[in-house]
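Novice: Whole structure, please, built from the sequences with the hints as guidance.
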Amino acid sequence: MNFRLHLFELEDQPWFPHIFRQGMLDFLRFMISKLGAYGPAIPLLEDLLRRSGQTHFTDLCSGAGGGIAGIREALSQRMNVPVRVTLSDRYPNLGAYEFLQDQSGGLIDFIASPVDTTDVPPQIKGVRTIFSSFHHFRPQQAVAILQNAADQRAPIGIFEGGGKTWTELIIFLLTFPIIILLVTPFIRPFKLSRLLFTYLIPIIPLGILWDGLVSLFRLYNPRMLDELLSRVDTPPGYTWRSGIVGSGPGRQVIYLLGCPEN
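Numbering (our numbering), first residue to last: 27 to 288.
Since the hints were derived computationally from the structure, they do not count as laboratory data.
If you're wondering where the values come from, they're calculated on a predicted model, not measured in any experiment.
Every residue, glycine too, gets a C-beta built ideally from N, C-alpha and C.
Distance ranges between label pairs, derived from CB positions:
no., residue 1, residue 2, range
1, G152, R267, 17 to 23 Å
2, P261, P165, 18 to 24 Å
3, L218, R104, 37 to 43 Å
Specialist: Pasting the structure below:
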């Protein structure tokens, strides 16, 4: 797809009830974790950490922390050190973050106060990541995120699951209605409300399908990312690269990496 439509996502709307948003984010976290959607991007993030001399990164726009536990574990195995992660969001999902913190033995922690991704406070230092969230931002906001990282000379890795193809769209529409119904009972932590609003009053499945469709249209492909970079005042000694890693539907990841040169 060589076009981008910035349609509205339900989870972005302040009027959308938290109970439905939480159910949708829990499903996203479960699927990303089980499918290992960001597996192809692990070597890229490992390289970014090594180039920066870091074993810790701060994840921005963490949502419900989808996939972050598996990403952290994979990095720890590859780097032979316990990699640590700090989750953050403009609207912190404290329940999900506390669950991940407990499950990781404290190797995943979080910032409890809101963090604006377009204006990250300078006291939040080190490598930054954004998984599955960059498409939420309009071009002007996206440029502000990149400019903020470059100005603070903060390494940043932006990763979006998918290759923005028509094949992915067709597979999504044909398979996800069934997948949602099959996997919901296995999502943890267990919530009775999730079952109610999946099977009896199917607001969560409809929300997942709508937001998933819109997300695909919102994605920035590498060409679009390069267009955003043309609007960034990149300081000397800071470099960018973008592309797609992985192959096949569901195994591609669009990425954008920024890093100060040593």
